[in-house]
Amino acid sequence: MFDWLRVAVAKARALFSNRRLDEDFAEELQAHLASLTEENLNKGMSAEEANRAARLRLGGLTQLRETHRELRGLPIVETLFRDVHYALRTLRKNPGLTLAAVLTLGLGIGANTAVFSMAQGFLLKPLSLPNLDRLVAVGELQAYDNNNTIRASPANYLDWVSQSRSFDRISAFDWESVNLSGVAQPLAAQGIHVSADFFGVLGVRPLLGRTFLPEEDQPGHEHEVVLTRGLWERQFGGDQSVVGRTVRINGSPYTVVGVMDKDCKFPQSVELWLPLALDAQARHDRNDRYLQVMAHLKPGVTREQAQAEMKTVAGRLARQYPQTNRDWSAQVISLRDYAVFRGSGPFMFLLMGAVGFVLLIACANVANLLFARATGRQREIAVRAALGASRWRVARQLLSESVVLGLLGAGAGVLLAQWAIYLILVNMPPDLERFVAGWDQIRLDGTVFVFALAVAATAGGLAGLAPAFQSWRPDLNAVIKEGARNSSGGRSSHRLRNAFVITQISLALTLIVGAGLMVRGFRGLLDTNRRFHPESLLTMRLVLPDSPAFKDPHRRAAFYDQTLKELGALPGVRSATLVTGFPFSGLMNSGTFSVEGQPATNTGAQRFAIIKDISPNYFGTMEAPLLQGRAFSDFDGPDSAPVALISERLAKLHSPSRSPLGRRIKVGAQDSSEPWRTIVGVVGDIKYDWAAASSEPVIYRPYRQAPQNYVAFGLRTTVEPGSLVSAARSAVTRVSRDQPIFNVESLDRVIRDNTLPIAYVAVMMAVAGALALLLASVGVYSVMAYSVAERTHEIGVRIVVGARPTEVVRLVVGRGLLLTVLGFAFGLPCAFGLAHLEANLLAGVDAKDFWTFSWVSALLGVVSLLACYLPARRAIRVDPIVALRHE
Amino acid sequence: MVASKLELMVLKALTAMGPWHGYGIAQCVEQISEQALEINQGTISASLVCLQQTGLDLLGGFVGNNRRAKFYCITKAGRKQLSAEAANWEWISGVMGRVLQIAERS
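Those protein sequence lines, which keep their order, are chains A and B. Under our numbering, the residue at position 600 of the first sequence is numbered 600, and the numbers go up by one with no gaps. Under our numbering, the residue at position 34 of the second sequence is numbered 34, and the numbers go up by one with no gaps.
Just so you know, these hints were derived from the structure itself, not from any lab. As the structure is a prediction and not an experimental result, all values here were calculated from the model. Just so you know, not all the hints are guaranteed correct.
A few chain A residues that face chain B, going by a derived Cβ cut-off under 7 Å, partial list only [unchecked claim]: (1) F25; (2) E28; (3) L29; (4) H32; (5) S35; (6) L56; (7) T62; (8) H68; (9) L453; (10) A641.
Over 12 Å on every C-beta distance to chain A, these chain B residues come out as not near it, computed from the model [what the hints assert, rightly or not]: (11) K12; (12) T15; (13) A16; (14) G18; (15) G22; (16) Y23; (17) I44; (18) A46; (19) L48; (20) A87; (21) W91; (22) I92; (23) R98; (24) L100.
Ideal Cβ placement from N, Cα and C applies to all residues, glycine included.
Could you build all of it, start to finish, from the sequences and the hints given here?
Structure follows, in structure tokens:
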């Protein structure tokens with residue numbers, strides 16, 4: 001039964017004990033021969049005769065040895081060793097070619113490896129948690145909702161805990177920006193309220209101290225805090241004795257009970273964890289869906305099963321509490337998908353595609369190199385074939401050469417990738433790492449190495465395919481007889497090389513157009529903000545604590561009034577404005593809204609808008625035009641009639657034919673407690689979310705009528721904004737001591753930081769495009785140069801019989817031009833496809849950007865013409881006599 | 001694993017004669033086949049070395065006239081294989097025999 005295994009083991013062992021086995025066999029043969037000779041002697045032959053007869057009887061010793069070797073070992077593996085050995089030797093003999101091929105492949109493989117390691121960080125393991133595969137996020141989902149906010153109301157969450165059977169651990173959390181004092185300088189920190197089992201679900205242990213105890217998420221017991229390693233190192237200098245210390249959070253004393261290690265960074269931007277204490281009122285709240293829920297699947301339970309179960313549970317709750325739960329279902333998504341940075345998937349795939357193209361172009365170049373050399377080696381190959389090498393054997397040898405090249409390229413590529421990753425990480429602002437999951441996971445690890453090797457082997461194989469294919473059917477007679485003279489490889493090889501050139505040109509065209517559009521789109525994105533001069537707008541954020549002092553909306557409004565006055569009076573400040581979030585600052589705050597007299601239909605046509613609360617001078621500061629009606633004024637206070645402004649986009653979406661002025665809308669559902677607001681004006685669009693494909697509908701409310709607990713201030717400065725940072729801080733402190741402001745930066749800087757991921761994509765696309773251009777032009781040049789060299793003799797003849805140089809140039813360049821045009825014919829449709837893909841990804845990209853298409857075409861055309869012209873010029877400068885002698 | 005015809009003969013010879021050396025086995029195979037087979041005796045040596053990886057176990061030792069030669073003996077696995085393949089051969093030759101004996105239509 002295990003015979004084959006025994007044979008395999010024996011054969012594998014034979015690979016490594018060649019010499020001993022050879023000796024054994026020789027011994028055996030010797031014994032045999034001796035016996036035969038003895039027999040012959042006994043028959044009466046002479047010693048010499050006996051020996052000769054015995055040898056005849058035994059058969060050819062060399063053949064015997066060969067047969068024996070093949071039988072006992074693994075001939076395939078042995079020839080592979082031999083092929084690799086031979087390949088290394090040939091490559092060493094051609095250092096120039098080897099270097100060129102290894103560098104070319106290295107560029108391609110390096111780019112792919114770097115991008116793959118990024119994709120791995122962002123998409124595959126955005127969190128370094130031990131049991132990430134078993135973790136899910138659970139949330140409520142409205143039947144007709146397409147806005148995937150994975151949230152749940154507290155009462156529903158508690159019912160899930162008691163009713164669901166799919167999870168062995170489940171936990172809820174909620175965000176709160178808190179003010180941390182009792183440390184050197186009060187600061188705003190991103191806090192997360194978590195139920196006690198939070199760290200149990202994540203499966204992580206603290207670096208210092210402990211996590212929360214089961215009773216610590218009960219109201220009245222929640223005065224403990226766990227720090228992230230980052231905050232601990234920044235604010236407490238990594239002091240080991242921090243456990244047990246008391247700090248003040250929003251004014252109340254909290255005891256530091258533990259510090260988590262670097263790996264534990266969930267949710268992404270967290271700085272400290274607080275217990276989530278749901279009071280009696282919250283425990284019965286089904287309407288307010290603000291908790292985020294995650295759970296650990298029981299062993300053997302799949303996400304789909306959990307999803308099905310949660311649907312049943314949610315259905316039951318919907319029947320039980322139709323008031324609050326009607327139309328609400330539940331969804332279970334993997335925590336990985338949940339943690340992946342919004343929108344990074346498509347961009348990563350775009351980049352993977354781009355570097356894939358670069359690799360293909362590189363492969364075509366190397367294939368060309370190998371092809372040219374294989375043509376030069378046709379004689380060698382023919383001789384091998386004549387001596388009895390099978391086609392397979394020859395093809396395999398050529399292939400193993402290119403695969404060895406590929407593996408060497410992988411070595412170069414991994415070094416390049418290492419360098420690229422270093423560049424990528426070193427230019428990343430530390431703030432970004434807090435928001436985009438997976439940055440800290442970008443590195444070269446085992447998976448990436450395996451990927452690089454696989455890419456290298458494939459690339460090597462691809463590059464070697466053409467020469468191997470050519471060797472498949474050598475015309476032995478012709479090659480050996482005619483020697484080098486006609487070693488150009490014939491028509492089929494020309495066709496193949498032309499195909500390479502066409503492919504390279506079309507791939508490069510596609511990629512460079514894609515890169516150009518991306519870069520232009522990104523610049524366009526930034527340019528939309530130029531209008532309001534972000535470089536002279538100093539912005540800062542502020543979050544009021546949930547303390548009695550600010551519970552009352554009037555107190556909040558009064559605080560903002562006072563702060564605006566203080567800030568506006570600073571020297572160097574022209575005006576101070578307030579908004580709940582500046583454009584591109586990552587603060588969107590979108591929600592549903594209702595129109596009076598038009599009940600929302602349950603058909604998915606949800607009314608969704610960004611809600612912004614602003615001070616009256618906001619539009620003046622942002623230089624957005626008022627299109628209809630009036631703007632807010634200081635008279636729109638808490639006691640006057642509720643009013644709203646809407647953006648042009650919203651007006652177009654929801655009342656395209658009539659003027660919206662005078663109609664009434666409210667934030668939230670028709671029956672929500674929000675007041676109906678009269679639309680008093682329409683303002684020009686301001687883009688808030690860079691990732692959104694088009695301008696978003698926006699509803700503006702005067703801040704005095706809806707004072708939130710978080711705002712951003714903007715100071716239009718007449719001096720350099722950075723010089724006002726400390727003055728602004730102290731102005732806020734004058735209004736309320738212990739009230740920190742954060743993210744004090746010019747809006748320009750805020751925008752740049754927030755669009756950095758897309759800037760990375762644009763830069764990387766540009767690098768890929770540049771690589772493609774470089775490799776493709778080298779490819780075109782080498783093919784043209786080679787074909788001119790091949791035709792030197794012919795060109796010599798032409799010149800001798802009277803062809804003028806211009807005609808020769810036209811001959812060569814004409815062929816190159818034809819190939820270029822064909823490349824364009826294939827490349828332009830691909831480029832259009834890519835352009836559409838990018839236009840869907842990024843708002844600023846115009847898929848029909850004529851300018852980009854034309855300059856890319858022109859650039860590529862000029863480059864390939866040059867690549868044709870240079871060899872042509874060399875051809876006509878050749879002395880005809882030399883050319884004629886050229887064999 | 002399917003043994004070659006030659007290997008099968010070697011195995012059979014070994015079962016018939018007990019532990020023996022390469023030369024002897026080669027002689028034996030030739031004699032049994034009544035010189036119908038003209039074998040390169042070296043090939044027998046080669047197949048012996050290969051069989052050793054699977055079906056045969058080495059005995060080792062010295063032949064009487066002081067020349068060093070390896071003795072081979074068949075193992076259990078070898079016997080099993082031999083009987084399986086022998087049955088197979090008999091079946092094939094039986095079938096072939098019957099098929100070839102079908103009388104031609106006159």
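Evaluated hints:
1. F25: The hint holds - A:F25 has a Cβ within 7 Å of chain B, the shortest such distance being about 6 Å.
2. E28: 5 Å, holds
3. L29: 6 Å, holds
4. H32: 5 Å, holds
5. S35: 4 Å, holds
6. L56: Result: violated, 9 Å to nearest chain B Cβ.
7. T62: 11 Å, violated
8. H68: 4 Å, holds
9. L453: Violated - the Cβ of A:L453 stays beyond 7 Å from chain B, reaching only about 33 Å at its closest.
10. A641: 95 Å, violated
11. K12: Given a closest Cβ separation of 18 Å, the condition holds.
12. T15: Non-interface label stands for B:T15: nearest chain A Cβ at 18 Å, farther than 12 Å.
13. A16: 19 Å, holds
14. G18: With a cut-off of 12 Å, B:G18 remains clear of chain A, as the shortest Cβ separation is near 18 Å.
15. G22: With a cut-off of 12 Å, B:G22 comes too close to chain A, as the shortest Cβ separation is near 5 Å.
16. Y23: Non-interface label on B:Y23 violated, nearest chain A Cβ at 4 Å vs cutoff 12 Å.
17. I44: Contrary to the label, B:I44 does not stay out of reach of chain A, its closest Cβ about 8 Å off (not over 12 Å).
18. A46: 4 Å, violated
19. L48: Per Cβ check, B:L48 is inside 12 Å of chain A; nearest 7 Å; violated.
20. A87: Non-interface label on B:A87 holds, nearest chain A Cβ at 17 Å vs cutoff 12 Å.
21. W91: 20 Å, holds
22. I92: Non-interface label on B:I92 holds, nearest chain A Cβ at 21 Å vs cutoff 12 Å.
23. R98: 31 Å, holds
24. L100: Since the minimum Cβ distance to chain A is about 32 Å, B:L100 lies beyond 12 Å and the statement holds.
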